[in-house]
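Asker: The chain contents come next:
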Amino acid sequence: MSADWVGVIGSGSFGTAVANILARNTKVLLYVRNPETARTIEKERISVHQKLADNIKITNSLQELAEECNILFPMVPSSGFKEMIRELAPHLRPYHMMIHGTKGLVLDLPEKKSSDFTLSKEHLYTMSDLIKRETVVVRVGCMAGPNLASELAKGHPAATVIASPFNEVIQKGKNLLRSEHFQVYGNSDLRGVELCGVLKNIIAIGSGISSGLGLGENSRGLLVSRGLVEMIYIGQALGGEISSFIGLAGIGDLVATTFSTNSRNFTLGYKIAQGKTLEEALSEMEETAEGLNTIQLIKQLGDSQKLKPIITDTLYKILFEGMPPKEGLSYLMRLQTSIDINVM
Amino acid sequence: MQEKDKDYTKKRYGQVVPGGINQWPIVELSKNRQAFIREVAQDSIERIKNMATSREALIEEIETTLFREKLRVKRNPWAVDPEDDAKFLSSIKKRLLDISQIDDKKEIDQYLDGILNDIIMRYSSEIAGNFKKSRYRMARSIITFGFARLLNASRARGFWSIFSTQYTLQDKINITGEVEELRKLATKGTIIMVPTHFSNLDSILIGWVISTLGLPAFIYGAGLNLFNIKLFAYFMNSLGAYKVDRRKKNLLYLETLKSYSSMAIQRGCHSLFFPGGTRSRSGQIEKRLKLGLLSTAVEAQRVNYQNEKDNALKKIFVVPVTLNYNFVLEAPELIKQYLKLQGQERYYTENDEYSTSYKISAFLLKFFTKGSDISVSIGKAMDVLGNYVDAEGMSYDKQGRSIDTREYFTQDGEIISKNQQREDEYTRMLSERIVEEYHRINKVFASHLVAFTAFVMIKQSYKKLDLYNLLRLPEEDLTLDYDLFKSKIEQLLAKVKRMAGRGEIGVSPYLNGSVEEIIAHGLKNVGMYHAKRPLVQNKEGNITTDDLNLLYYYHNRLVGYNLEKYVS
Chain A
1 MSADWVGVIG SGSFGTAVAN ILARNTKVLL YVRNPETART IEKERISVHQ
51 KLADNIKITN SLQELAEECN ILFPMVPSSG FKEMIRELAP HLRPYHMMIH
101 GTKGLVLDLP EKKSSDFTLS KEHLYTMSDL IKRETVVVRV GCMAGPNLAS
151 ELAKGHPAAT VIASPFNEVI QKGKNLLRSE HFQVYGNSDL RGVELCGVLK
201 NIIAIGSGIS SGLGLGENSR GLLVSRGLVE MIYIGQALGG EISSFIGLAG
251 IGDLVATTFS TNSRNFTLGY KIAQGKTLEE ALSEMEETAE GLNTIQLIKQ
301 LGDSQKLKPI ITDTLYKILF EGMPPKEGLS YLMRLQTSID INVM
Chain B
345 MQEKDKDYTK KRYGQVVPGG INQWPIVELS KNRQAFIREV AQDSIERIKN
395 MATSREALIE EIETTLFREK LRVKRNPWAV DPEDDAKFLS SIKKRLLDIS
445 QIDDKKEIDQ YLDGILNDII MRYSSEIAGN FKKSRYRMAR SIITFGFARL
495 LNASRARGFW SIFSTQYTLQ DKINITGEVE ELRKLATKGT IIMVPTHFSN
545 LDSILIGWVI STLGLPAFIY GAGLNLFNIK LFAYFMNSLG AYKVDRRKKN
595 LLYLETLKSY SSMAIQRGCH SLFFPGGTRS RSGQIEKRLK LGLLSTAVEA
645 QRVNYQNEKD NALKKIFVVP VTLNYNFVLE APELIKQYLK LQGQERYYTE
695 NDEYSTSYKI SAFLLKFFTK GSDISVSIGK AMDVLGNYVD AEGMSYDKQG
745 RSIDTREYFT QDGEIISKNQ QREDEYTRML SERIVEEYHR INKVFASHLV
795 AFTAFVMIKQ SYKKLDLYNL LRLPEEDLTL DYDLFKSKIE QLLAKVKRMA
845 GRGEIGVSPY LNGSVEEIIA HGLKNVGMYH AKRPLVQNKE GNITTDDLNL
895 LYYYHNRLVG YNLEKYVS
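Chains as they are written, first to last, in the numbering used here: chain A, 1 to 344; chain B, 345 to 912.
So here's chain A without its partners, still in its complex pose (with noise of 0.2 Å):
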């Protein structure tokens, strides 16, 4: 147990870009999933063609991991992320702090069903959520906003927003991230922050979508307002504060995502856009689309909750149910809403 080393899971864009900003300020002990990768890695001192800084330290056990650091980034997609803390609960105990990176929701349905079983927003869990359920860790907190790995790695001016109900995981990981091309910002809501991440994902598909067309920036400005509200909208029904929502996680993220060609979620619906099934897009992708999941979940939720998310019904349709992108997108743009903004 040392104060001085933190620790990143995943060695993915992200997760490294992350593992780079923290070793400004500390000593990195980053978890590689795969041995193999986690030699060369630590042979080639790159990762994700991002190179590694010096003071990043390469590891494959979840153990050491624990061992050696009080404070545990995990930066994992959400469809390994439950496997991953279920391995790692074992070594954890009440003194460690997390600050997830991961902008998706987990689907955990009771093993046994009822007759009269209707999926409700108890069933859908933020990573912070499986991280209290699955651990004895209360102290917890999230990461988000406008932070595009490929920006992150190459050094631009970011910034981004810690949540967490404890102050002191604000302020560790302020202290821990803060670097003079990087600032960190505070919030107490975690989950609607938890949440601006997940949903925002959702838009940015719409918005590669949008691109792919040829649409141009109105449509785009009309689509990412409305897939704000919309949001807000999803958020509020899962618990979060509108606040966060209007924020650097919140509409700061949002902006960067459905802008940047370099987002996943964006370069996966201009590939679908373009005329790609969603098998040939995601064979084509090197990363998750976290959006993809959400929009699955936020429809099952939707449908069984009587909630009429209309983008992302919409969306839906198109990457499930063969609704040709244009037809899909031309019935988005020309919906009659009266009010323009109707959820605060």
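Please note: incorrect hints may appear among the correct ones.
What the hints assert, rightly or not - On the chain A side, residues computed to face chain B include the following (Cβ under 7 Å):
{"#": "1", "residue": "ASN70"}
{"#": "2", "residue": "ARG93"}
{"#": "3", "residue": "PRO94"}
{"#": "4", "residue": "TYR95"}
{"#": "5", "residue": "VAL136"}
{"#": "6", "residue": "PRO165"}
{"#": "7", "residue": "PHE166"}
{"#": "8", "residue": "ASN167"}
Keep in mind the hints are simulated off the structure, nothing from the lab.
Since the structure is predicted, the reported quantities are computational estimates derived from the model, not experimental observations.
Just so you know, even glycine gets a beta-carbon here, dropped at the ideal spot from N, CA and C.
Starting from the known structure of chain A, fit chain B onto it as the hints suggest.
Answerer: For chain B alone, kept in the frame of chain A given last:
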């Protein structure tokens, strides 16, 4: 009723502290009462100064307190208030005015300290309990012996049966749940018992439970309004109660109260308070708890770890308890207040709405002579983070791995640190766990089942009315067909039993009979002593109500489980 006998067994529990009453921490505390009051005052003053850090801020807090206190004396005086309240406040006011005459800053500070000390000492002495061994023994025997006499006389009939020992209070009040664990933990650490609160009777009931289980007396926070009633005041004082005045919401008072609770817990006194703060007005199980006193449990735990107490009593165990009634004496008043309060909470003042010693005695007589059982469910003990503990006091996480609770209070792994914001958050988490446990250990009575079903059925047949308009419907129009009612009860019962099978709720042994029996038992018992009954069966055998408000109240007991759809 085979099942019934298995669940509700009468038991005689030995004392958990072998050395007897003289070994109890509460006795130690009362022996040094004056010294303890001074220590509490000292601690509170420190707290207040940490919160009001500048001289100006402190003056402002004292002025605010003074203003509110004068308002209280004028608008909402109680019989229990000391006669010199007004005089004391004027003297404080005068002394505050004197400050403007002083130039020297140091002298001002000293002067202020004097004022603060006098106010806090007054609060501290008022709050402090007055436990006396002899009176405790006396009160205990009055309750157990006296009521047992009544019970035997009424059940067995005939004058001589007054000396029978066939029936004891345990026939009326069934204690179920984690009793043995609680008794064991009481020797391993400090217990904080947190019961639900429905009736003023709870305080005495729970006092009896504690003594019956062979536990040493608990200190407990009781509403000052209870001390207005002489009969209650006697018992409460004897049982170790300290006083909580809910009219006083000023910082100075609240901090003194917290100091008192925290320091008593640190001294190993088992402690009890109603975390809902006040009786549930709606009849619902508490959904939100008051965090003030609860935070003292978390704080005391941290202080105990900081002091590295070597004796075994350093760990604190939180034990949720639900009190399950067929009948709540104050229900008509409570529900009326609840409905009034809904719309205009801000204008509501903490009232002492009821009761004379006579009214209560009359009720107790009825209660003991006529039946209507009460059950007390003791929940599983938790540490202050809401993790379950075993009988040895060891905490476990949801996967059954053991946890060192101490590590929740450390920073960077090793050093235990005080962090107010962290503890506030822990308190909130603990309160959510307690509410969860309440719902789990709550026991469904037949009377709850019939009240819930009937009210939901009525509500569904008037879908367009909001609650207030619904409650204004004339009762004589509201009749429910017995057969339909029965079929709904069957549906609901099946669901409740499924939930009970999964450990999500408790059920009374009475729910094992036939549906007709259950309905008959429920109708007989629901709100049985009210002048107007919440549910009655009319001549045709159908179900109707004499008082819809009361029906709503008793129905609320099962709100919060999403059961409504099983009645539709």
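Asker: Would the hint on TYR95(A) be counted as holding, given a Cβ-Cβ threshold of 7 Å to chain B?
Answerer: 4 Å, holds
Asker: Hold the hint about VAL136(A) up to the distance rule: shortest CB distance to chain B must be less than 7 Å.
Answerer: For VAL136(A), the interface hint holds, since the closest Cβ of chain B sits about 5 Å away, which is under 7 Å.
Asker: For the hint on ASN167(A), just tell me whether its beta-carbon gets within less than 7 Å of chain B.
Answerer: Holds. Min distance 5 Å.
Asker: With a cut-off of 7 Å on the beta carbons, see whether ASN70(A) makes it to chain B.
Answerer: 5 Å, holds
Asker: Does ARG93(A) pass the interface hint, meaning its C-beta sits closer than 7 Å to a C-beta of chain B?
Answerer: 5 Å, holds
Asker: May I ask you to test the interface hint for PHE166(A) with respect to chain B, counting a Cβ-Cβ separation under 7 Å as satisfied?
Answerer: Cβ of PHE166(A) sits 6 Å from chain B, so the hint holds.
Asker: Does PRO94(A) meet its interface restraint, that is, does its C-beta lie within less than 7 Å of any C-beta in chain B?
Answerer: Holds - the Cβ of PRO94(A) comes within 7 Å of chain B, reaching about 4 Å at its closest.
Asker: Close enough to count: is the Cβ of PRO165(A) nearer than 7 Å to one in chain B?
Answerer: Constraint on PRO165(A) satisfied, holds at 5 Å.
This entry satisfies every hint, going by the numbered hints stated previously.
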